[in-house]
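Taken in order, these protein sequences are the chains called Y and D.
At position 244 of the first sequence the residue is numbered 262 (our numbering), and the sequence of numbers has no breaks.
At position 97 of the second sequence the residue is numbered 115 (our numbering), and the sequence of numbers has no breaks.
No lab work stands behind these hints: they were computed from the structure.
Heads up, some of the hints might be wrong.
As the list makes no split between identical chains, a pair holds if one copy fits it or if it spans any two.
[Claimed, not checked] Here are the computed lysine-lysine pairs in the DSS-like style, where the Cα-Cα straight-line distance is at most 25 Å:
#1 K334 with K63
#2 K334 with K67
#3 K207 with K248
#4 K129 with K248
#5 K248 with K331
#6 K331 with K63
#7 K379 with K63
#8 K248 with K132
#9 K132 with K113
#10 K331 with K207
#11 K286 with K248
#12 K248 with K67
#13 K374 with K125
There are 2 protein chains.
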Amino acid sequence: MSQQVYNFGAGPAMLPVPVMEQVRDEFLNFQGMGVSIIEISHRAKQFEKVLLDAQERFRQLTNLPDNYKILFVHGGARMQFSALPLNLAGRSASKKCLYVESGNFAKLANKDAKAFGDIQVIASSADTNYDRIPAVDPSMIDQDAAYLHVTGNNTLYGSRWQTFPETGAVPLIVDQTSEMLSRVLDYSKFGCVYAGLQKNLGPAGTALVVIREDLLEYASPQTPALLNYKVCAGDNSLTNTANTFAIYVTGLVLEWLQQQGGVAAIEKINEQKAKILYDLIDGTDYFRGVILPEFRGTMNVSFNLPSEELEAKFLKEAGEVGLYALKGHRSVGGIRASIYNAMPLAGVEKLAGFMKEFESKNG
Amino acid sequence: MSQQVYNFGAGPAMLPVPVMEQVRDEFLNFQGMGVSIIEISHRAKQFEKVLLDAQERFRQLTNLPDNYKILFVHGGARMQFSALPLNLAGRSASKKCLYVESGNFAKLANKDAKAFGDIQVIASSADTNYDRIPAVDPSMIDQDAAYLHVTGNNTLYGSRWQTFPETGAVPLIVDQTSEMLSRVLDYSKFGCVYAGLQKNLGPAGTALVVIREDLLEYASPQTPALLNYKVCAGDNSLTNTANTFAIYVTGLVLEWLQQQGGVAAIEKINEQKAKILYDLIDGTDYFRGVILPEFRGTMNVSFNLPSEELEAKFLKEAGEVGLYALKGHRSVGGIRASIYNAMPLAGVEKLAGFMKEFESKNG
Chain Y
19 MSQQVYNFGA GPAMLPVPVM EQVRDEFLNF QGMGVSIIEI SHRAKQFEKV
69 LLDAQERFRQ LTNLPDNYKI LFVHGGARMQ FSALPLNLAG RSASKKCLYV
119 ESGNFAKLAN KDAKAFGDIQ VIASSADTNY DRIPAVDPSM IDQDAAYLHV
169 TGNNTLYGSR WQTFPETGAV PLIVDQTSEM LSRVLDYSKF GCVYAGLQKN
219 LGPAGTALVV IREDLLEYAS PQTPALLNYK VCAGDNSLTN TANTFAIYVT
269 GLVLEWLQQQ GGVAAIEKIN EQKAKILYDL IDGTDYFRGV ILPEFRGTMN
319 VSFNLPSEEL EAKFLKEAGE VGLYALKGHR SVGGIRASIY NAMPLAGVEK
369 LAGFMKEFES KNG
Chain D
19 MSQQVYNFGA GPAMLPVPVM EQVRDEFLNF QGMGVSIIEI SHRAKQFEKV
69 LLDAQERFRQ LTNLPDNYKI LFVHGGARMQ FSALPLNLAG RSASKKCLYV
119 ESGNFAKLAN KDAKAFGDIQ VIASSADTNY DRIPAVDPSM IDQDAAYLHV
169 TGNNTLYGSR WQTFPETGAV PLIVDQTSEM LSRVLDYSKF GCVYAGLQKN
219 LGPAGTALVV IREDLLEYAS PQTPALLNYK VCAGDNSLTN TANTFAIYVT
269 GLVLEWLQQQ GGVAAIEKIN EQKAKILYDL IDGTDYFRGV ILPEFRGTMN
319 VSFNLPSEEL EAKFLKEAGE VGLYALKGHR SVGGIRASIY NAMPLAGVEK
369 LAGFMKEFES KNG
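Isolated chain Y, as found in the complex (with noise of 0.2 Å):
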């Protein structure tokens, strides 16, 4: 290629670079067996410690308790909209469960639940366009409800919790796609949380789910066998063939992560990255974020330029740089950079330029 592309796709989403390296280079011959990562069994032994490494290194990465299972599910954080509900309403005689709506992925959350239980919405910033993220009371929370599931970081916004709600006896569930492993957090404070692999983690197709072990007993009989989540801990995630190559590169980017210094220290950086373009974007009327600044996390920054003919220009004269993939999702629209773990200062810092040359010729 002749220049440097720095990717700020929301996902699947760009990897580590050295993550990215050492898997081409042991592509054809994994560890000196003279195959492929994708071509060994999920039962040989070498793919059994790739799968423990990962779940390790996540384990040490988060502090995690002794009494969550890590799994790895197919199907990406859509399909756990539909598992969750089927491994857990069932802790509500009335099989309640409780959304709070404060996006698009949240809002599809509670819709592909309605099917499995009494899904009830307690809060939503719909009618704001999704530019907060709602107000959530403990009394809300009825302490009947088999768990309360929020999206922890709007992907299409960049709104996220700053703290979650208590929720007494409540499991809360939180959809961690776009900023798993991005700040830390107290996991002790979580019945469940996931994260389709392809933002802050690895390739598409699965998702990772961490569950408190005693919420492990309340599957509907009519969740299919992959999607129960005490089967796929039972069986370590290997009930049926696992999707190899996502946790292989997964493995990768969490030994990428402990090398950079684990989550705290990824933290202040994301921080930074982050300060870099909200800074620009407060310092002039010609950018405007999407979302209320006490909402912003670190993760996706979307705002809008003054027309929609400018956002097409700045679109494609980014592109002509090798600033690629700021397009707004296609129900947002705008300007949208997801700065995720493994996208460096330099990239936010290019952006950044390209940002104020752009408005001083055509602001």
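Chain Y is already provided as a structure; the job is to place chain D on it using the hints.
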């Protein structure tokens, strides 16, 4: 590596060498984009082309009639064991679904289905350790049933349906996981066929599902969105983030298969490869085939040696000369040579030579 390795693993299995080399060569820079195929959006036009090309190549290779959809569904073949009755049991007022039990996976298929229909096993070869395909007479097929499910090729044993049963108006569903695209078949006879990718098609984690359009109308309301074939068909397998890497590699494998002359050409080579091993087995009492000769397929050749000790020695010495992953499935034992489309004739010839030498030294 110091020597050529031939990988006889049952799956994830070896893929064609030119495909593997192309994946490696373009892993960091897909089509000059400066980013990897695993780092681009499933909605990028470049990935859409990958998906459409793979589907078109499959259609050409199978001479697939226009009224069939080609889907990529998360979770591999095992996930379809649940998805099939969820999608199709509703064709029958009593949700009656018929199964033939010709092996381990055929048994799992009806076990996983039990939560979703009135599952009836109309024939089984369990009492003879799956040494054959059980006979199915048209009179055994209740015309009120939603479907008849059979396992086209039984991976653990190597038996296959030489011809499929006539099912009248009842849709025939075939699990083709370990034989898809290995022989010419008339797809107009099938209601649905499916295969986990990780044997003849690509990396693990996803299934290719071919379904006749009129069968998309019967899904239970309790079908998870991503397992609903009508939803998948409507979104052309992009309801959520697909396993983009697996689809990409599968497309390359399909292109390679076209370059080999298509299914009819590879079928001849597959027959030649299987004949080499079965002729050797038939010519001695030292090696004993697991299945009756009239049920032999071309994909998996399972056999025993005179003792478990000799089998262990065989596996050890085979590994030392680069004949990899010949161990039989944990539930069957013995030796299994999986010789899918990608296994070159030279690999089979090397194995046959090793077998003869082993017999002469240890016979």
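25 Å Cα threshold - placement of K67 relative to K248: within (22 Å within a copy, 38 Å between copies)
Intra- versus inter-copy proximity for K113 and K132 (alpha-carbon distance at most 25 Å): Answer is both: 11 Å inside a copy and 23 Å across each meet the 25 Å cutoff.
Identical-chain pair category, K379 with K63, by Cα at 25 Å: Answer is neither: 59 Å inside a copy and 30 Å across each miss the 25 Å cutoff.
Within, between, both or neither, where K248 and K132 count as close if Cα-Cα is 25 Å or less: both (22 Å within a copy, 18 Å between copies)
Homomeric proximity label, K286 with K248: Cα distance no greater than 25 Å: neither (36 Å within a copy, 45 Å between copies)
Within, between, both or neither: K374, K125 at alpha-carbon 25 Å: neither (35 Å within a copy, 64 Å between copies)
Alpha-carbon proximity context of K334 and K67, limit 25 Å: For K334 and K67, only the inter-copy Cα distance (21 Å) is at most 25 Å; the intra-copy one is 45 Å.
Same-copy or cross-copy closeness of K248 to K331 [CA-CA at most 25 Å]: neither (51 Å within a copy, 38 Å between copies)
Alpha-carbon proximity context of K334 and K63, limit 25 Å: between (48 Å within a copy, 15 Å between copies)
Alpha-carbon proximity context of K129 and K248, limit 25 Å: both (24 Å within a copy, 17 Å between copies)
Status of K63 relative to K331 across identical chains (alpha carbons, at most 25 Å): between (52 Å within a copy, 19 Å between copies)
Status of K248 relative to K207 across identical chains (alpha carbons, at most 25 Å): within (20 Å within a copy, 38 Å between copies)
Of the numbered hints given earlier, the model fails hints 5, 7, 10, 11 and 13; all others are met.
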